[in-house]
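I would like the entire structure built from these sequences, with the hints used as guidance.
There are 2 protein chains.
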Amino acid sequence: MNFTIQQAIIPTLNGYTTVDVQIEGEQIKAISTDSPLPPRGTVIDGRKKLLLPGFVNGHTHSSEMWQRGLIPPYPLELWLGELHEFTPPNPEQIYLSALGTAVETLLSGGTCVVDHLVLIPGKEVETVAAAVKAYQEIGIRAYIGPLIQDQSMSEGIPSGGTHREHEAYYCSTEEVLGMMQTVVDRFHQPEAGMNIMVAPTGIQLCSDGLFAGCMELSDRNSLCRHAHLLETKAQQLLAHEKYAMTAVQYLDKIGYLNPRTSLAHCIWLEDQDIAILAKTGATVVHNPLSNLRLGSGIAPILKYRQAGINVAFGCDGAASNDGQDLLEAIKIGSMLHNITDRDYQHWITPRESVEMAALGGVTGLGMEDQLGTLTEGKMADLVLYDLTNLSLLPKTDPIGLLVMGRPTQVVDRVWVRGEEIIAQGQPTRIDLKGLREALLQYGDWTTTRQSNNIAQLEQHYRQVMDLPK
Amino acid sequence: MNFTIQQAIIPTLNGYTTVDVQIEGEQIKAISTDSPLPPRGTVIDGRKKLLLPGFVNGHTHSSEMWQRGLIPPYPLELWLGELHEFTPPNPEQIYLSALGTAVETLLSGGTCVVDHLVLIPGKEVETVAAAVKAYQEIGIRAYIGPLIQDQSMSEGIPSGGTHREHEAYYCSTEEVLGMMQTVVDRFHQPEAGMNIMVAPTGIQLCSDGLFAGCMELSDRNSLCRHAHLLETKAQQLLAHEKYAMTAVQYLDKIGYLNPRTSLAHCIWLEDQDIAILAKTGATVVHNPLSNLRLGSGIAPILKYRQAGINVAFGCDGAASNDGQDLLEAIKIGSMLHNITDRDYQHWITPRESVEMAALGGVTGLGMEDQLGTLTEGKMADLVLYDLTNLSLLPKTDPIGLLVMGRPTQVVDRVWVRGEEIIAQGQPTRIDLKGLREALLQYGDWTTTRQSNNIAQLEQHYRQVMDLPK
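Chains as they are written, first to last, in the numbering used here: chain P, 9 to 477; chain F, 9 to 477.
Bear in mind the hints are in silico, worked out from the structure with no lab data behind them. It cannot be assumed that every hint is accurate.
Put simply, identical chains are the same to the list, so a pair is met inside one copy or across any two.
[Stated by the list, open to error] For lysine to aspartate or glutamate, the following DMTMM-like pairs were computed, each having C-alpha atoms within a straight-line distance of at most 20 Å: (1) Lys441 / Asp394; (2) Lys311 / Asp349; (3) Lys141 / Glu249; (4) Lys241 / Asp351; (5) Lys477 / Asp349; (6) Lys56 / Glu445; (7) Lys311 / Asp216; (8) Lys56 / Asp452.
The structure is reproduced here in structure tokens:
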């Protein structure tokens, strides 16, 4: 589809200008700041609107939407115990929560979602199929990393020198890798905006063999790599117990880190780890809301930026956030660091935030040549913001207010690969009212639940983490 | 006006129930959980909706809306330099920004705003009149504390042992207090929901005489007291320079602190200060977003709660936040502390957050007997949330998701003093579209501005705060 956006506001180096932008097929064909372009195809009125490249929701778990609001304030290890205790969603629910995740991402400036997708045991491929269907229907660019592990949940908590027995994981390393090959063969279609990534959950629940298999799979199929990394103090302890080195040293030693590897959280790195990460070109995905909610800590993002590490933003799963508003993650993920460094000259500016969210996001996916900036020849993953919405008024600095303010329903139009998938703030290819009605069929507002897992895990956790009994 | 809300969901001690609620005039007349109440007056369908008492936006500066998005990430002292550099808004703008502040507060669950109102020099009474007009028109409950001082801006930065000359403030202590008396005489009408408070900006810019005059005024007219307190490390240093004691010790010594005193920020208190604050019954107003934005620090809210100090939430002015979404302030202001205390048993739960936002807010205004809970006989300042909005789906724990999620346009109806001032998510008594059009008449998106004040203040600030040149 061809179209021309007329007189939209875009940022320049130090200010703003108005431009005409021509889109031809999937690409930005021309951008003119000086003279109007001859309209090609549909004409879009860009006046009183801000045009930016789409952002990347660099780390989420879409199906956690089913438990958002439910889990009380707990640290990660106990939170996980409750998360995995209850009946997993069915494939229809996976489809609905992927749609919900996509809608919230799109309506907060995201055009691409990295879904570290929790799999239904025994229905792993169906889980991926349901998410693929949702993302293709709504039209968002997607990177699905089926969340895999080959060790059972209790192995993720440090032993603290005590002897603990662990159940075997329900399937073997080979079965996990075989399932991944099937998923790649069936769903990996980068030219259509649908990508599979290898995404072992992290060092806390994966064997050497699983990491090796994932690297082999990613090399053979040219896949991006993803994982959680050092989200909690407990994981830092666990790495030392498991490898007698830091988790970053381990991942570097086995060769997991490269410029197409993105790593969620990265809170508990030591200084030597930062240098290693910088050397490998791997990307840090910053999930500030989840990190606060779970009390995991503040990722040292200013240090990463000073070391030259690429940083992107993520919402993390909706049970640890508990939403998918990317503008909220960008805001808090930027200003949170102002309390970690007294020298305000190091603080992240709104323009830097926007660059991290767009270019930083796609760089972690190896797509910086094709996405992430308003550049002729790049793909048309674009967002048009309505600057006349109350939350973006009065007329001040559009990017300053978009990042530091609390924008609400400000996304007017979104294009992915040149196709309009949001118009007048509504998805064009799915029925939002129908999605809400489908979600309403599940659950109940007035029932409360109790977690048995928490009761079982809590005593050991408090002991290992040196908390009062 | 009389009306009956039927079958709304409300929280009980450990879960939820559905109720009918009868409102008669300004009051909650009856609440029935067991059997339907006979409908009186208008019937409101409460099904699929959550009913809560209104929250308090416990600290803001409404006219800062005109600069939201504009000021780069700076610490408070430099940020203030830029804030006060440019032409102040005119009374018409004061009126518009008060309306904007009220709309954003109402649409995020607030029914009451504490406006620490920055005055136009030479038009002090007109400034207050413009804000009063706005709040009366839209119908929100308001506490206006005209922001007063009697020392010039540069005196707010510690000298660090150097000798510095300061300009005299543009009007005398007596003139300031005389203006305040006029404002009280003209606008203080508590029975109509319009209250004037004494609100010296803080120890950093006020003389002993100004504090004494404010206390005398508040005693004579039964006014609430308000002030900023220890927002920055620089203010902590300044208090020691100025009084040879902490700011809390000073305020306690002069008798400023009582159960109707609310204090914004309270970040840099020492342990002895916490005990003093608890003893006086004063309220801490927590402004987490502004505190992050300005790099001021994390207020030790968990310690305050453990010491028995009442805590409320505020958005702070929209130039240091840069919005007025109270649900965002409640979310971040609750989960931010999870990184300050490893023991998750101390973390604030969503139910506690809601209680702080409602009951905590009104307690700081001495209104806990009349507002802040769903109780028969209390005033009907109520909010009805639409639980079928995508951002509050699926059906899980309504308060968990309201606080920890990212609710967007979820406020369906708001009543203040029994009068419906929001219906179907829109203000009933003002024209929102007209407000947006009026705001659009000012400013320009594409001009950038440079601050001369920053250039002048920066070198001294960096030296006093021990930052590299």
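Hints, verified against the model:
1. Lys441 / Asp394: Between copies only: 14 Å across chains, 22 Å inside a chain, cut-off 20 Å.
2. Lys311 / Asp349: within (10 Å within a copy, 23 Å between copies)
3. Lys141 / Glu249: neither (41 Å within a copy, 66 Å between copies)
4. Lys241 / Asp351: Only across copies: lysine 241 and aspartate 351 sit 13 Å apart there, 27 Å inside one copy, limit 20 Å.
5. Lys477 / Asp349: between (35 Å within a copy, 15 Å between copies)
6. Lys56 / Glu445: between (34 Å within a copy, 12 Å between copies)
7. Lys311 / Asp216: Cα proximity of lysine 311 and aspartate 216: none, with 29 Å in one copy and 44 Å across.
8. Lys56 / Asp452: between (42 Å within a copy, 10 Å between copies)
The structure fails hints 3, 7 (numbered hints given earlier, in ascending order).
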